[in-house]
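Note that the numbering used here gives residue 2 to position 2 of the sequence shown, counting from 1, and the numbers run on in steps of one.
In case anyone wonders, no lab produced these hints; they're calculated from the structure.
Don't take each hint at face value.
[What the hints assert, rightly or not] Pair ranges (Cβ atoms, derived):
#: 1; residue 1: L9; residue 2: A154; range: 33 to 43 angstroms
#: 2; residue 1: G49; residue 2: W136; range: 15 to 25 angstroms
#: 3; residue 1: S98; residue 2: P139; range: 37 to 47 angstroms
#: 4; residue 1: F71; residue 2: V155; range: 17 to 27 angstroms
#: 5; residue 1: V6; residue 2: H156; range: 43 to 53 angstroms
#: 6; residue 1: L138; residue 2: M47; range: 30 to 40 angstroms
#: 7; residue 1: A150; residue 2: L9; range: 34 to 44 angstroms
#: 8; residue 1: F109; residue 2: K25; range: 32 to 42 angstroms
In this text, a Cβ means the ideal position worked out from N, Cα and C, and glycines have one as well.
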Amino acid sequence: MIEKTVFGLLAFLVIVPAALAVTLKSVFHCALFLVLSLTGVAGLFAMLGADFLFVTQLLVYAGGITVLLLFVVLLSGSPKDWVARQVNAQWIIGLLLSGMFVGLLAAVFKQMPVAETLPPAAPTTAALGLVLIRDWVLPFEAVSLVLLAALVGAVHFSKGRSR
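Produce the entire structure from the sequences given, and follow the hints as far as they go.
Shown next as structure tokens:
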């Protein structure tokens, strides 16, 4: 019972902010609602027991990408400058096509058989870490060296030439 309630709350946390993110006029507010929606998706991953996807969703999408988007919005001028005229004047056609798409999805899912047994459990993050360190140690270290070289190069080029 509590699992269904939490799923319903997380689904609400994904769908409503996502709808607001694509319908509001202010780009800044759209970005904030996008953060909320992506956090809800991370919560759904946590409910499924996919801890690696949960952390990745929070760090990469809800954290990094959205902060980058907010920096672009805020450094590109006043957020009030980003308020534009809505260009979705044909929203009735969009609503009609969306309804037809949902009906098509419902018909397809109605014909699909329901799985009676669960698939085998996916490996955990600890198992992924063991594979990376044990079986893929050379490529893992090579990638770390390339990232270190990129970081050193970025620091070198950001300082510029001294005279």
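Hint check results:
1. Under the hint 33 to 43 angstroms, the C-beta atoms of L9 and A154, about 41 angstroms apart, fit the expected range.
2. A hinted range of 15 to 25 angstroms for the beta carbons of G49 and W136 is consistent with their spacing of about 24 angstroms.
3. For S98 and P139, the hinted distance range of 37 to 47 angstroms is satisfied, since their beta carbons lie about 44 angstroms from each other.
4. In this structure, F71 and V155 meet the distance hint of 17 to 27 angstroms, their C-beta atoms being roughly 20 angstroms apart.
5. The supplied range of 43 to 53 angstroms is met by V6 and H156, whose beta-carbon atoms lie about 49 angstroms from each other.
6. The hinted range of 30 to 40 angstroms is satisfied by L138 and M47, whose Cβ atoms lie roughly 36 angstroms apart.
7. The hinted window of 34 to 44 angstroms between A150 and L9 holds, with their beta carbons roughly 41 angstroms apart.
8. Restraint check, F109 to K25: a C-beta distance of roughly 35 angstroms satisfies the suggested window 32 to 42 angstroms.
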